[in-house]
Amino acid sequence: MAMASSSTPRSRLSALMERTSQWIFSQDLPSDVVVQVGKVDFQLHKFMLVAKSGLIRRKVIESKRADLGRRIDLSEVPGGAAAFEKAAMFCYGVSFEISVNSVAAVRCAAEYLQMTEDYCRGNLVQRTEEFINQIALKTLPGAVALLRSCDDAPDLLRPVEHVRIVQRSVDVISLKACNEANFPTRSPADWWAAELALLFPTSFKKILTGMTSRRAAPKSLAVAIVTYAEKSLPNLLLSEGAARPFVTGSDAARARQRCLLDSLVSILPPDRDAPLPVGFVYRLLRAAVFLGASEACRRELERRASASLDQAAVANLLTISLDYSGERVVDLDSARRIVASFAEREASAAAGGGVLYGSGFKGVCSSPAVQKAARTVDSFLGEIATDKELSVSKFTGIAGALPKSARRFDDDLYRAVDIYLKAHPSLDEIEREKVCSVMDPLKLSYEARLHASQNRRLPLQIVLHALYYDQLQLQGGEEARMPAWGRDQGLTADDMLLIRENENLRLELARMKIYVSQIQQQGMSGLKMESKNSFFSSVSRTLGKLNPFKQVGSKDTSSIENREVIGMEMMAKPRRRRRFSIA
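Quick note on numbering: my numbering labels position 133 of the sequence shown as 136, and the sequence is numbered without any gaps.
To be clear, the hints were calculated from the coordinates, so they are not data collected in a lab. Incorrect hints may have been included.
[Claimed, not checked] Here are the computed lysine-lysine pairs in the DSS-like style, where the Cα-Cα straight-line distance is at most 27 Å:
no., residue 1, residue 2
1, K222, K234
2, K407, K425
3, K141, K222
4, K437, K375
5, K407, K446
6, K141, K67
7, K397, K375
8, K437, K425
Whenever a hint applies, use it, and build me the whole structure from the sequences.
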């Protein structure tokens, strides 16, 4: 029977004694050898062991020569006392149960004990090999269980590699997974991916490599990765709109999840081999932020997220920015880095095409991917703009991460700016100007400029800039074209002329607002009188231009940019005082 040393727990001693007492048949014959495996002693008989184990035969001969007594130390046997117990039972001819979960340990123990055909026909090495080939590796679940049993026992890592159990399991699993992905034999069709989720990350990476070498479809690899991650971190990789996950307060559990996530991200294949779903990448990044994953893990996920920003939705950016309850903004640095990285990548692509001018890239403006990403970012800013704790620097940092040339129109960005100003009424003039600096008033649509001209939350300079752009268009030599929205509503040319005249009046009102602001700031009476006379002179000339009985002339200008510069210089110059009367 098996006996234990004094340091072995009493429960373990009782279990081993109960098991071994059932198969030691020669109770009348006293044992003549004690086999020590770790802290467990097995009192056995030499003649039963040496008949099938070459190692024990050599140990017995060596002990006789050295006069070492009846004790043999086999503490290094793979699988420990449990595996040696089954090997000893085989030597005694006692039947025992073996499964896909235990066969790897028994096979390694038999190899270590040299229980080969050289000492006995049908020895334990051959019997375990037959079980592995004919039963364990015949099905995908069996092969996965066999490989998982190798992962569960750290002391088997080298022995199983030596007898090629790991390599054979990986080959079989990879082949069967590819076949199931192409021609499913059961439902659901992705059942094979759920089987792979039982493996350790290191073994799972080997399976992915094996599937790639067999030219598995990128979609199949993506399915395997997504399923593995969702099975491994079920409470963290929640889809958008799901309830708040149960998060344990145990630091040890959190550390295990963090380690698992780091391992999972480190084994992700290149994007070209397995393009992952966009939402899945952003959910992984949210889990990394929540768990405080390593810097390398977060940067890799941010890189993958930026590569697909043009395919992302607003909900994806909100996923990485809000907490799991979706009520509070917790991280905007990741979103800013994602947007900035995307802009740099697109700029580099444009530079590679040789379309470089000034300090930017002309190709960036016309790229559909950049324009789509800009719309997504602007809508995202509109969603988070209502957060009371969102600072000006955070807001402008994300909005300014994309170059202004990335947007054909700034209407969505103007909407986000307006929402932010409305949610933060305590901002001073300088802060409001900084917020508005991210957009270009000249790139607003007519409807947006019309709204901006009446928006009291905007700084006066922004309002004047937008209105002055319209006036330059009216005074230039351009053809008087009716806007698309006007044609859709059936407005006549006279109606449009009246609308343009109203725009001129709004421009003069904006100038008056600036005049009042200057009076309040400077408080100089002389300046007040001069500015006042200049203002009324400007109003008079505008009203004269709007005289319906007088034909309005136009200036010949070459470009809208030149008209803007000339117009701004005219606004800066003091007007000459003239005496006139209005009849």
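Verification of the supplied hints:
| no. | hint | verdict |
| --- | --- | --- |
| 1 | K222 / K234 | holds, 18 Å |
| 2 | K407 / K425 | holds, 23 Å |
| 3 | K141 / K222 | holds, 26 Å |
| 4 | K437 / K375 | holds, 25 Å |
| 5 | K407 / K446 | holds, 10 Å |
| 6 | K141 / K67 | violated, 46 Å |
| 7 | K397 / K375 | holds, 22 Å |
| 8 | K437 / K425 | holds, 15 Å |
This entry does not satisfy hint 6, going by the numbered hints stated previously; all others are met.
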